[in-house]
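> Residues per chain, in single letters:
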Amino acid sequence: VNIGVGLPTTTPGTDGALLLEWARRADAGPFSSLAVLDRLVYDSVEPFAALAGAAAVTARVRLATMIVIGPLHPAALLAKQAASVHTLSGGRLTLGLAVGARLDDYQVAGVEHRGRGRRLSEQLAYLRGDVDADRIGPARDGIELLVGGGSGQAYARMARYADGYAHNGGPPRAFAGAAARARAAWRDLGRPGRPRLWGQGYFALGDIERGNAYLRDYYAFTGPFAERIVAANLTSARAIRDFVRGYEEEGCDELVLFPTVADVAELDRLAEAVAG
Amino acid sequence: VKVSIVGAGPAGLYLALLLKKTERAVDVRVFERNAPDATFGWGVVFSEETLGALREADYDTHLAITDTFARWDRVDIHYRDRVLTSRGHSFSAIARKQLLEILQRRCRPLGVDLEFGVEVDRVPDGADLVVGADGANSVVRRAYERELGTSVEPEGCKYVWFGTDLVFDAFTFIFRETEHGLFQVHAYPFDERTSTFIVECPEATWRRAGLDELSEEESLAFCEHLFARDLEGHELFSNRSIWLSFPKVTNGVWHHGRIVLLGDAAHTAHFSIGSGTKLAMEDAIALRDALVRRAWDVEAALVDYELERQPVVERTQRAASESAAYFGRVASYAHMEPIQFAFNLLTRSGRITHAGLTVRDPAFTRALDSWFGRTDAFVTPPPMFAPFRLRALELPNRVVVRPGTPAAGAGLVLSGFVAVSPEGRITPETPTIADWAPAARPVALQLGHAGRRSACCPRSVGVDVPLRDGWRLVSASPLPYGPFSAVPDELDEDGMTTVREDFVRAATRAAELGVDVLELDFAHGYLLASFLSPLSNHRTDAYGEDRLRFPLQVLDDVRDAWDAVLSVRLSVTDWARRGVSVDEGIAVARALAEHGCDLVHVVAGQTIPEDRPEHRRGFLTSLSDRVRAEARVPTLVGGHLTTPDDVNTIVGAGRGDLCILDLPPAHVERERTPAPELVDRAVIPS
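Quick mapping for you: the protein sequence lines, in order, are chains F and D.
Residue 68 in our numbering sits at position 68 of the first sequence; the count goes up by one each step and never skips.
Residue 660 in our numbering sits at position 660 of the second sequence; the count goes up by one each step and never skips.
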């Protein structure tokens, strides 16, 4: 399994300097990807803007969205944003898309919440089919597409249009269940080969309480589930190694560990934990 | 710390004593509506595994419980005047009343405050932790249904719970055919004098028998009469024994603030897998453990408890639902030979497989294997390796492989989609019958016309991604398939004639090529499937009024031109609102069989892109099972089966005849990122 790291675009105390420094160090470190989350109604940096910044100071790592809430954007604009980051980074974009979990993101964006799944399918068809590519550049060639979401339709959508599946986190056992569903859908849709499987988890190796407080706040909208996410925060080198091993055994291709504390020292700690 | 527990059933009492035993200083109160000696139901069942957990959690109760246990390791299946026996199923049972007495006796000296006859109509105040252990109709849960995401749905048959003084010496299933339909009994002993005796039947049978209008005494008499032979002159006893529907209770979360649910209040599992009390007592253990681990930080402990228990309970609930559904449709298996009927019953919930049963009871699977292989040899291969005969074709085994996977060893190789004409290709890479030749034998040639899903990019790119410069499409109605798909032309009479001729020509060519099985594609929204579904067929002509008309014409034409095995790949359901339901799909399968189809390749969905599939391992098995049992036609089924055990279980239980196996690659070594590089990079330059 390849290990990626999240860019702290949603954590409190993030600023431009920190994000760029983080990206630079991740590129120099043992990480194969740098990923962002998406949330409109929150104090967070927009995913494509963040990845564009990261593209400018990195040369090696893949730049990934885990995930972007596709239906908040018109398809053509989404394609343009993604292709732009892809171009700026020299072809390093992995575009994960899903419908997201929050109603208020849709309300504030002025976008219908109903029909979001169907619109996501249309966007995927638009991106994959190179629709309007003759008049809307830059080229989308080589953008790796992932789809996230836990519904039966999400897996089918993934198998229909994407290159792989973006899992939303949880213990290795939960990932294993999702991986089986992704593979089953892939076969059923008659795709050759197998889907790429991306997993994710949260970590805090320094100020754990600060990390947990952020998760409680970020996931407050899930009610009681927030505490479950806090409980799953990886807070020791051993927990991280067990987590990585568990994901590797279940066939994960790329495991992205998201910081919960915006402190570049966390990157060093993570690198040590992963290496040890 | 103050803990209020609502409900003095096994879950509540066991939690109370565990908490008090662990932490004397905790104030534990149990509120119960009924008197201490009032109890409903008869015996409850535990597995060996559960007993181990009870032993570890509290040895005193374990001792007291096991002292009064009825134990058995046999399952007896009474079916068509035969009794089939399977061994190795270690179970124990105890009278529910006795279990409660033991738990009450253990609670009192520990200092648990038991208050009986207290009607709890709202969530108690003043406690740091309120536990809703008040059963499937939990008052505590009902106060927070919205927050907890509660769902209560009936599942399975109508059932009634009796006792009898006939002491069975095994867990006993009895199946009795009547003029109204099939009735079945689940019976097991729970002490030296008494057995539980549950009678059930589908609601339609229950109404036909007039049981909806009988009194408690009358329905007891009805059951006593119906099962007189099995009761051997013994009586049935009633204990408020009325016919019920089983409520399946689920909750998105099991706690809200300081309130937590335990046992049936949080989740029920259909009685036919006998896990309700087991789950409840395991919940109590997990909650106690979580409180200890989190040093009585209630919020953190409740999260821990839920995280630990929910996955386990969900698996059990899924198995229980499978079991409930099985008993709801068991009449459709009444044509099976007793040994297969019994194996099907034992493997109904998915928790016992052919391999699992071989460990428990090797004699049973040997009997099944020899019956299945029609051999009296001492050493017999499992069902996967039994030959399969259809018309003049004998396949060496039950394994079917997809194109692109190694074919060596497989009983049958699928060709992949081969178009009857260039217009019918899915992608420019799709072979047509003119340029296709078998790569391995025996081979099933999948013949189709992609209809409105034609003219797409290769599937390495994606599915239903239209080609930039495609060709004109045809379908039952002029409705585009997916986003950016072209609008197809409605297939007219001339077009139909051409398509029929193309299929016949292809069948003739297949015969020349020595194809073993011809498979017509009536699935996944391709041309012939587009006629079958109301979602894609909006025609007002004869082909809209009778949606089977055109597909059956093609089938008839091909049947006339093709003497060997003819299969049809069919989407049994559209998995979509207003689409083809499973019942309708089974009726279609029946029609196909009447028109000479020898084998139905069971698939589902893809009639429209926004359908609602649930992809997982074995997701097509239950559909294949129903088609085979209800349309009485042999089936070929895939649905991501990954182990030989899957095949042995499906084929042995009669849920399918041939299985597509997605074997993982057979290697035990794997690549490793070289460690030195990681170490080098671990030191990050600042």
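Don't take each hint at face value.
A partial selection of chain F residues facing chain D, derived with a Cβ cut-off under 7 Å [unchecked claim]:
| hint | residue |
| --- | --- |
| 1 | Gly13 |
| 2 | Gly16 |
| 3 | Tyr161 |
| 4 | Arg191 |
| 5 | Arg194 |
Quick caveat, the hints were computed from the structure, so don't treat them as lab data.
From the three backbone atoms N, C-alpha and C, an ideal C-beta is built for every residue, glycine too.
> Evaluate each hint against the coordinates.
To see whether the hints hold, each was checked on the structure:
1. Gly13: violated, 19 Å
2. Gly16: violated, 18 Å
3. Tyr161: holds, 5 Å
4. Arg191: Arg191 of chain F check passes; min Cβ-Cβ to chain D is 5 Å, inside 7 Å.
5. Arg194: Nearest chain D Cβ about 10 Å off; hint violated.
Taken one by one, the earlier hints fail for this structure at numbers 1, 2 and 5, listed in ascending order.
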